[in-house]
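Assemble the whole structure, with the sequences as input and the hints as a guide.
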Amino acid sequence: MYHSNKIIPGLVIFFLAMTFPFWFNIGSEAYSTPELVLPEDHEHCVEAVEFMRAEHMTMLNEWRDAYVRDGYGEYQSMLTGEMYAMSLTKTCMNCHNNKGDFCDRCHDSVSVDPYCWDCHIEPEGVE
Amino acid sequence: MKSSRRKFIAMAGFAALGWSVCPSLTRAATEAGPKLYFKEEGSLEASQWAMAIDTKKLDRQIMNKCIEACHTLHNVPDIDSDQNIKWIWIEPFRNLFYDQSHPNLKNKANQPFLTLCNHCDNPPCVRVCPTRATFRRPDGIVLMDFHRCIGCRFCMAGCPYGSRSFNFYDPRIYLENLSHEYPTRSKGVVEKCEFCAHRLDKGQMPACVEASEGALLFGDLNDSNSDVRKALRERYSLVRKPKLGTGPKVYYLI
Numbered sequence: 147m148y149h150s151n152k153i154i155p156g157l158v159i160f161f162l163a164m165t166f167p168f169w170f171n172i173g174s175e176a177y178s179t180p181e182l183v184l185p186e187d188h189e190h191c192v193e194a195v196e197f198m199r200a201e202h203m204t205m206l207n208e209w210r211d212a213y214v215r216d217g218y219g220e221y222q223s224m225l226t227g228e229m230y231a232m233s234l235t236k237t238c239m240n241c242h243n244n245k246g247d248f249c250d251r252c253h254d255s256v257s258v259d260p261y262c263w264d265c266h267i268e269p270e271g272v273e
Numbered sequence: 101m102k103s104s105r106r107k108f109i110a111m112a113g114f115a116a117l118g119w120s121v122c123p124s125l126t127r128a129a130t131e132a133g134p135k136l137y138f139k140e141e142g143s144l145e146a147s148q149w150a151m152a153i154d155t156k157k158l159d160r161q162i163m164n165k166c167i168e169a170c171h172t173l174h175n176v177p178d179i180d181s182d183q184n185i186k187w188i189w190i191e192p193f194r195n196l197f198y199d200q201s202h203p204n205l206k207n208k209a210n211q212p213f214l215t216l217c218n219h220c221d222n223p224p225c226v227r228v229c230p231t232r233a234t235f236r237r238p239d240g241i242v243l244m245d246f247h248r249c250i251g252c253r254f255c256m257a258g259c260p261y262g263s264r265s266f267n268f269y270d271p272r273i274y275l276e277n278l279s280h281e282y283p284t285r286s287k288g289v290v291e292k293c294e295f296c297a298h299r300l301d302k303g304q305m306p307a308c309v310e311a312s313e314g315a316l317l318f319g320d321l322n323d324s325n326s327d328v329r330k331a332l333r334e335r336y337s338l339v340r341k342p343k344l345g346t347g348p349k350v351y352y353l354i
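Protein sequence lines correspond, in order, to chains W and P. Number 252 in the working numbering belongs to position 106 of the first sequence; there are no gaps in the numbering. Number 234 in the working numbering belongs to position 134 of the second sequence; there are no gaps in the numbering.
Mixed in with the good hints there might be a few duds.
To be verified - Below, simulated DSSO-like cross-link-like pairs (lysine-lysine); rule was C-alpha separation at most 30 Å, straight line:
| # | chain 1 | residue 1 | chain 2 | residue 2 |
| --- | --- | --- | --- | --- |
| 1 | P | 157 | P | 343 |
| 2 | P | 157 | P | 208 |
| 3 | P | 208 | P | 343 |
| 4 | W | 236 | P | 208 |
| 5 | P | 208 | W | 245 |
| 6 | P | 330 | P | 341 |
| 7 | W | 236 | P | 343 |
| 8 | P | 287 | P | 165 |
| 9 | P | 165 | W | 236 |
| 10 | P | 302 | W | 236 |
| 11 | P | 206 | W | 236 |
| 12 | P | 107 | P | 165 |
| 13 | P | 330 | W | 245 |
| 14 | P | 206 | P | 165 |
| 15 | P | 157 | P | 287 |
| 16 | P | 139 | W | 245 |
Because the hints were derived from the structure by calculation, they are not lab data.
Set out below in structure tokens:
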């Protein structure tokens, strides 16, 4: 092989750099899903747990457009068929009334920083 | 199989057609599912909302009550500078109707009037907004979608009535008590009166109308039995800057 004295060390360096995250984290704790405090007096969410876990952000985006732009105020659950007001503070935060114990734990652990709370008011102090 | 350029182009054409049709077909299939969004029960509806301000019934006390009701409900901060935020405010007659004034109206010229967004028929703010953050609902309310506002302030330049305010600060610094009915805004967005669209959707009248002790009338302009139309039939009325052709929907009963 031509230039093997350069290519082989180059490949070794490349391989080490590529796999750096893997061997750097050997021995450190595995990621664990944070424990969330679920509301006690409610049996189910607006939709199934799996759906909410994967889709809550998409759903909130759709809700905000439907509410603000198209004037729809009510959402019919696919899970139970019940009607819910499409409102972050009045529907979501009514049950999940502790942002720190529910929203923030996941968001912090995956380094997501939603800007909802720049405007919408946290349920702190809401009766 | 022998292929030719002609055959290749034909196949490519069919493939492109397929790719262009298929996604829209799959979307059509999913959209045909159950409808999930509904209008709230008991919401007030109109083909064109309008307000009539009875200037004979207005006095300082009532005007301050209207402003108070609106600004506390919507978390509008009171900033003591030219960077203040206002949804509804007091302005003397000569400022509102300088083009419809004449020297013999001297006793009127300094009379204070309430003013707010005119919710125009042909709103210049909507036309100039590059992100469609401000838009006109089918019922005539010119609404802000704060989520989309990029703070370019074209709408402020477009509005001939000065009805829009820009948030130079985080409003929460200036608010002692937050109203949980309505969100605050973030720094860098434009805001204005929304005719309490969120209250109408719940079946309530706008906050200023409720606080006005009958000085503000609100209703459907296209309904000849509405309060607004009755008042407009009986009284002489003015709108601001009619020559601009924006079609203001706030009428001042003189």
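Each hint, compared with the structure:
1. 157(P) x 343(P): 27 Å, holds
2. 157(P) x 208(P): Given that 30 Å is the threshold and the Cα spacing comes to 14 Å, the pair holds.
3. 208(P) x 343(P): Holds. Residue 208(P) to residue 343(P) sits at ~21 Å (cutoff 30 Å).
4. 236(W) x 208(P): 46 Å, violated
5. 208(P) x 245(W): Violated. Residue 208(P) to residue 245(W) sits at ~54 Å, over the 30 Å cutoff.
6. 330(P) x 341(P): With a Cα-Cα distance of about 23 Å, the restraint between residue 330(P) and residue 341(P) holds, given a limit of 30 Å.
7. 236(W) x 343(P): 44 Å, violated
8. 287(P) x 165(P): Between residue 287(P) and residue 165(P) the Cα gap is close to 27 Å, so the pair holds against 30 Å.
9. 165(P) x 236(W): 27 Å, holds
10. 302(P) x 236(W): Roughly 13 Å between the alpha carbons, so the hint for residue 302(P) and residue 236(W) holds.
11. 206(P) x 236(W): Not OK: residue 206(P) and residue 236(W) at ~51 Å, beyond 30 Å, violated.
12. 107(P) x 165(P): 78 Å, violated
13. 330(P) x 245(W): 50 Å, violated
14. 206(P) x 165(P): 27 Å, holds
15. 157(P) x 287(P): 37 Å, violated
16. 139(P) x 245(W): OK: residue 139(P) and residue 245(W) at ~28 Å, within 30 Å.
In summary, the numbered hints that this structure violates are 4, 5, 7, 11, 12, 13, 15.
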